[in-house]
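Novice: Chains as they are written, first to last, in my numbering: chain A, 1 to 315; chain B, 1001 to 1315; chain C, 2001 to 2315.
Please note: incorrect hints may appear among the correct ones.
As a list, the in silico BS3-like pairs of lysine-lysine whose alpha-carbon atoms are at most 25 angstroms apart [stated by the list, open to error]:
id, chain 1, residue 1, chain 2, residue 2
1, A, K178, B, K1089
2, A, K31, B, K1037
3, B, K1031, C, K2031
4, A, K29, B, K1037
5, B, K1031, A, K31
6, A, K89, C, K2178
7, B, K1008, B, K1215
Don't read these hints as lab results, they were simulated from the structure.
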Amino acid sequence: MQHYTNIKELDSLQETVKEAIELKKSELKYKFLGEGKTICLLFFNNSLRTRLSTQKAAQNLGLNTVVMNFGSEGWQLEFEDGIIMDQDKSEHVIEAAQVIAQYCDIVAIRAFASLTDKDKDSAEIVIESFKKYAGIPVVNMESATGHPMQALADAITMEEYKVSHKPKVVLSWAPHPKALPHAVANSFVEMMQLQDADFVITHPEGYELDPEITKNSKIEYNQNKAFENADFVYVKNWSNFKEYGKVVNKDTNWMVTAEKMKLTNNGKFMHCLPVRRNVIVADEVIDSENSIVIQQANNRTYSAQIVLKKILENL
Amino acid sequence: MQHYTNIKELDSLQETVKEAIELKKSELKYKFLGEGKTICLLFFNNSLRTRLSTQKAAQNLGLNTVVMNFGSEGWQLEFEDGIIMDQDKSEHVIEAAQVIAQYCDIVAIRAFASLTDKDKDSAEIVIESFKKYAGIPVVNMESATGHPMQALADAITMEEYKVSHKPKVVLSWAPHPKALPHAVANSFVEMMQLQDADFVITHPEGYELDPEITKNSKIEYNQNKAFENADFVYVKNWSNFKEYGKVVNKDTNWMVTAEKMKLTNNGKFMHCLPVRRNVIVADEVIDSENSIVIQQANNRTYSAQIVLKKILENL
Amino acid sequence: MQHYTNIKELDSLQETVKEAIELKKSELKYKFLGEGKTICLLFFNNSLRTRLSTQKAAQNLGLNTVVMNFGSEGWQLEFEDGIIMDQDKSEHVIEAAQVIAQYCDIVAIRAFASLTDKDKDSAEIVIESFKKYAGIPVVNMESATGHPMQALADAITMEEYKVSHKPKVVLSWAPHPKALPHAVANSFVEMMQLQDADFVITHPEGYELDPEITKNSKIEYNQNKAFENADFVYVKNWSNFKEYGKVVNKDTNWMVTAEKMKLTNNGKFMHCLPVRRNVIVADEVIDSENSIVIQQANNRTYSAQIVLKKILENL
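Isolated chain A, as found in the complex (with noise of 0.2 angstroms):
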C-alpha cells in the first residue's frame, strides 16, 4: 500500500480487519519496523481520538513521530495554480508538501471539510495536493470527504462483535445544533459496501449524502423501520449535502433512545466520538451495555497500527 487516504485502497479490507485483530494481541510484535523512520502528523484541525492513537500506533511500530498544528504553528498555505500570492496566505503548498516529505518518511493529515465550498471539498484538495508533491505516502487522518481510519476501525470493531448470521447494519442520522462534515458517514458507507451485510442509511428526505458515495446503498426515512432487527445502529450528524454545509433540520425525534433501541435485535450502538449525549443519543443508550463506543475509540490504535504497518512494509 503506498498511500490511504480511502478504505479502498485497502487490498482486501476483510483480511486487514483480521491482520489488525492479530496485531492487537501483541501490539509491540512489530517494535522495531519503524527504526529510523519518522511520520509527521498535520493537524490542520482540533483532534482528540485521532491525535493520541495515531501516535500510539506509532510508537508501538518504532516510529519517530512528529506532531504539527498546522494552522496554528506553519504558515497558511495556497492551494491554487499559478496564483498572485499577495494576500494572506504565506506559503504553496508545491512547496510545503516537498519540504515536509525532507524531514519524514510518511504524513499524515487532517484537514477538513470547509462546508462552504463544495467543489473543493469534492476535490480533496488538501491530501490531493500532498499526494501529488509530497511523493511520500500519505494517510488520511480525516479529510474533506472521508476518515478511512475511523471506517477501518469501526470494521475492527464490528468484527469483534460480529453476529452468526448476515448482519443488519444501520446508519442513522441524528440531530446536531452545528454543521458537521460528512467525512464519517461517507467512509463508514463506503466501508459497509465492501462488506457482506443488509446495509441501510436513515434520515430525514432531504438529507442524503452524496449520490456517488452512497451509489445503491439502501436508503430508508423511516428511522424506526429501518432500527427492526439491526444488529449495528451506526449513529452520526451530517450537515446537509445539497444545501451544502447547512443546518435544515434539528428534529430531537431523530435522536436514539432506547426506546428505538428495542426495536432492533439486541443492536450494538456505534458512534465515532465526540459525540453530544441527549442531543445525539439518549444517556441510557450510551451507558448501556449494548454500547461500544469505547472499544470503536480503542480500536483506532489498531486501524491506524495496521495500516502504517502496511505502508512501512512498502517503503
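Start from chain A and add chains B and C according to the hints.
Specialist: This is chains B and C only, laid out in the frame that chain A set:
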C-alpha cells in the same frame, strides 16, 4: 500508589522525599521501568516548569510521552451529568476520560481553578471525573485546589537545605495584580502539616485560605512578626477565598524585601515560580544567595519522577 | 562550540560545510551521541522547516526533544532589568532561562524581530538573555537579526552545486506585501563574507541592510546588472531598515522572472522559504530545474545536525 492528586496520597512524605533525593543522584537508574508504557499530559492551562519537568521525568523512566493542550487542540468538555449537550461543549468527560485511557497507561492533568465557581472548584470536577471514568492512574499537575507535585518538590528542596533544629517555616501572602488560584498555597499547607516544623501562615486579615485546608495551622496577620527567626519563607499570592477569586488587596507593603528577610534566621526564600519581580519579591531578595527558587524548579523533575516511579511499580 | 547564535561562531565555515556533507551520507552514524540528553526547542514564533528539521536532526543524534510554543503554552516574558512587574508579563527571563536549563542540556530558540523597536531587535534581547542566564548552550533558530542555521544550510547547498570557477553570488531583494525581518538576509551576508566569491547585494535605493552587517560588501542598485553572470541568485524580501520595519516599496519589477534569470550564468535560484509565488518569484523560475529551494530545505536537517553534534561533543 494508584493516583497522585493530593500530597496525602503518599504513604509517607518523609520516605518519598528521601527516595527522590536518592533518585536525583542517579536519575537514569530506572530508565527501562516505563518501557512500552505511555503517559498523556493533558494541559487545560499554560505551563512551563510542569510541562518540561514532567516530560523530563517521564523520559528518565523510559516512558513514552504524549502532550496535549486540551483547550486548543481538542474539544470543549462537558462535566455535568444528564445535561442536553446542545450548547458549546462537544464531548462529555465520561467519553473523553475513557477514550484517553485507551491510549495511555497514566494520565496527568493540569486544570486550574475557575475562580468564579467556588463549588465546582472545591469539587475538583476535572480531576475527580478523570479518576471516576478513566480507570487508569491520574496525576495532578495543578488542579483547582491543589498542586501536590509542587509541594513535593518544595519538601525535597527544604530537606536539601535542612537546618539542625526544628525549622520555622512561613507561608507568606504577597500582592499580585491578577487573581491567582489557591492551589499552590493549599498544597504547601497540606505538606507542612505532615512535617515536624514550626509552621506559620501570614496574610492580610480577610485573606484566609479555605479553613478546611488550613485547619489548626497557625495564622499570624503581622508579616514582620511571622518572619522572625524563620528558616524558610515561602511566598505566594492567592486571590481572596471568602470573596471568591477577587483581588481585594494589592498592598505593596506585603512585598518581600531584604529588610524583612533580615528578621529571619538567615532564612531561605522560596517561590514556586513564575514570580513577578518587585511586586511579590524585590530583586535584592530573589537575586540573593538565600533564594532557592531555581533549586525548587529543579526538584520538579524529581518530584514527578518519584511519583511516576511509584505509580509504574504499582501498575 | 558553546553556542550557535551567529555563523561567525563556527571555527571554520568551510570545514563545517564539509563535515555536514559527510554527515548527510550517514545521518544515523552518531545516533547514540545525544543519549540521555535533552534539547528544548522554544518557539516564540511560527515555524515549519525549522520545527521539523531541528527535530529530525536531534532524533538523528539520539537526543530527546521537547518542543514548546512559548507564546501560547507558557507565560509572557519580561526582559527589562529592575522593572516592577505589575503589568502583563508574568515571568522574568532571569528565572525562565535558569529554570529551562534545569530540564535540558541545550536550548534552541526562535524569536523574531519586533520590527517596531530597532534598539531591542539589534540588542538581540531574547537570545542574549538566554545566553546570559541559562548557562547551557543556546542555539539560534532565527532571532531578531540573524538566522545562522539557514545560512549554514545555504552554504551546504551552494557547496553541493559549486561551479569550477570563483562563483558570482547575488543576494536580491524582492517585493512582499508584509513587513519581514532582516534575519535571513543578514546571516546570508555574514556567511558570504566568509566565502571566496564575487558577492553582490541588490535592492532598491534606500533598502540598505544594517551597514554594520553589510560592511564593505558590494551593493548594486540595478537588479539586472547584478544578475549578469551570476551563478547563484538568492532572493529574499526584507522590510526597510532605515524606516525601521516599514514597507516603503512593493515594486513588482523586482520580482524574479525567467527573463532576469537569463542574464545569469545558468544561475541557481535560491530562497529560504516560505516564498510567495508570483510576488517574490515567478512560477516559471521556482518550477525550473535551476531552482534548488527544496535542496536548501533538505539541508536544514544537516546544518542543525552538524551544529548540535559539535555542541554535544563539547558538553
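Novice: Taking each numbered hint in turn, which are not upheld by the structure, reported in ascending numerical order?
Specialist: none
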